[in-house]
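Numbering (full-length UniProt numbering), first residue to last: 1 to 435.
The set of hints was computed from the structure by calculation and includes no laboratory data. Even for Gly, the Cβ is constructed at its ideal location relative to N, Cα and C. Treat each hint with caution, since some may be false.
[What the hints assert, rightly or not] Below are the DSBU-like pairs computed for lysine-lysine, each with C-alpha atoms no more than 35 Å apart in a straight line: (1) 356 x 290; (2) 398 x 356; (3) 206 x 398.
[Unchecked claim] Cβ-Cβ distance ranges computed for the label pairs, FRET-style: (4) 248 x 423: 50 to 60 Å; (5) 322 x 92: 45 to 55 Å; (6) 2 x 168: 16 to 26 Å; (7) 140 x 369: 24 to 34 Å; (8) 93 x 432: 32 to 42 Å; (9) 14 x 415: 34 to 44 Å; (10) 158 x 2: 25 to 35 Å; (11) 191 x 10: 18 to 28 Å; (12) 150 x 414: 38 to 48 Å.
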Amino acid sequence: MTDLAAFAREKGIKYFMISYTDLFGAQRAKLVPAAAIGDMQSDGAGFAGFATWLDLTPAHPDMLAVPDTPSVIQLPWKKDVAWVASNCVMAGGSALDQAPRNVLARLIAEAAEMGLEIKTGVEPEFFLLTPDGSQISDPADTGTKPCYDQQAVMRRYDVIAEICDYMLELGWEPYQNDHEDANGQFEMNWKYDSAMATADKHSFFKFMVRSVAENHGLRATFMPKPIPGLTGNGCHAHISVWDQATGRNAFADDSKELGLSDSGRHFLGGIMKHASALAVITNPTINSYKRINAPRTISGATWAPNTVTWTGNNRTHMVRVPGPGRFELRLPDGAVNPYLLQAVIIAAGLDGLRSKADPGPRHDIDMYAEGHKIEGAPKLPLNLLDAIRAYDADEGLKEAMGQDFSAAYLKLKMQEWNSFVNHFSPWERDNTLDI
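Required output: the full structure, derived from the provided sequences and hints.
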């Protein structure tokens with residue numbers, strides 16, 4: 001455990017951001033003076049949980065965000081402030097089971113009981129927009145195939161290099177940055193880590209990217225499909241599982257197909273088994289389904305799946321196995337909750353291990369050109385309502401994620417869907433006024 005008061009004295013910290021992430025992925029925080037951090041470290045900072053996206057009422061007692069002190073990060077762009085991820089408990093000391101970081105912590109503990117540690121990496125994509133969010137910020141970024149455009153990435157060098165410098169300073173071991181497949185879109189990669197560390201870094205990364213962009217007069221968005229006709233923001237996850245006793249990659253076996261061990265196949269089998277249901281977590285917004293069910297984009301490909309299939313090193317499927325001992329889940333998008341992403345991967349994968357799930361046949365075709373030839377593979381949900389229903393029908397996944405969490409998440413997501421369908425849109429007027 002890190003002594004936050006001592007950390008403040010050593011680093012010159014004046015304020016701590018005691019932060020937690022709610023069910024919809026919104027980051028909430030209180031700014032606490034370093035002089036008061038001792039009490040907050042032991043007792044937590046008080047919040048009215050109902051005021052955020054949690055299934056609580058105004059009558060509930062305080063929810064307390066208790067800092068998980070090893071997660072503390074001094075803000076590289078504002079050195080007198082530190083951010084620390086927190087675990088949510090209710091006044092009286094009981095853990096709030098629906099809180100995303102608590103869900104993940106419980107599933108990590110379940111994996112540890114099986115002698116396993118899940119390690120993951122994420123690839124969050126984002127757009128740099130004008131401050132009002134209406135258009136990309138670089139008017140010269142107009143290429144039909146803009147992916148890896150060296151001129152475009154250098155026109156945003158100040159933003160991208162500043163973020164990468166901060167990741168280097170934080171010891172995240174970033175290894176590449178690029179202009180992505182859409183105009184105005186970028187991706188930055190850092191080294192994989194344990195599931196909780198990756199979730200904390202992912203959460204902080206989103207905060208950092210937005211903050212740096214704002215400091216440069218821009219707006220960063222991780223919205224799944226912010227601009228029609230352009231490739232959406234994915235958040236691909238790379239997954240491996242390690243034996244805690246030996247320190248070896250439990251997914252790696254050179255004698256097996258694609259170097260993926262029997263355990264790796266079973267874990268993958270769990271992902272495939274629950275894919276349609278877990279989509280409500282990996283693709284959690286109305287807008288998410290404009291990405292995974294999108295028509296072909298200007299660049300020629302959506303880079304997003306719409307069918308539950310897996311393959312070798314082929315980016316047109318929901319899961320690819322790019323090399324021995326790991327696989328990439330290409331379903332999640334930029335709106336995904338960093339903690340729930342890791343949690344649902346573990347929940348589905350552990351179920352696959354316990355049940356020795358078969359991932360089904362491997363397909364190596366180009367899904368964009370020949371996907372219609374595959375028979376029997378489930379289609380991913382067409383919209384958020386379909387995803388909600390798929391999750392609600394998957395009793396095994398609901399139980400694995402926790403009944404308190406599942407009930408709260410489904411309730412709030414159904415409220416979101418109802419809000420959407422009750423919204424009167426310009427499309428309705430344009431297409432119905434003269435009917």
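Hint-by-hint comparison with the structure:
1. Taken as a hint, the residue 356 and residue 290 pair is honoured in the structure, with Cα atoms around 34 Å apart against an allowance of 35 Å.
2. For the suggested pair residue 398 and residue 356, the alpha carbons sit about 19 Å apart, so the restraint of at most 35 Å is met.
3. The suggested pairing of residue 206 with residue 398 holds, with an alpha-carbon distance near 27 Å, which does not exceed 35 Å.
4. Between residue 248 and residue 423 the Cβ separation comes to about 52 Å, which falls inside the hinted range of 50 to 60 Å.
5. Between residue 322 and residue 92 the CB atoms are about 47 Å apart, so this pair conforms to the stated range of 45 to 55 Å.
6. Evaluation of the 16 to 26 Å hint for residue 2 and residue 168 yields a pass: the beta carbon distance comes to about 22 Å.
7. Distance hint check: the CB atoms of residue 140 and residue 369 are about 32 Å apart, consistent with the given range 24 to 34 Å.
8. Our hint of 32 to 42 Å for residue 93 and residue 432 is violated, since their Cβ atoms are close to 55 Å apart.
9. Look at residue 14 against residue 415: about 39 Å separates their beta carbons, and that is inside 34 to 44 Å.
10. For the hinted restraint 25 to 35 Å between residue 158 and residue 2, the CB-CB distance of approximately 33 Å keeps it satisfied.
11. Distance hint check for residue 191 and residue 10: the Cβ-Cβ separation is about 25 Å, which falls inside the suggested range of 18 to 28 Å.
12. One distance hint, 38 to 48 Å for the beta-carbon pair residue 150 and residue 414, holds here, with the actual separation near 46 Å.
Violated hint: 8 only; the structure is consistent with all others.
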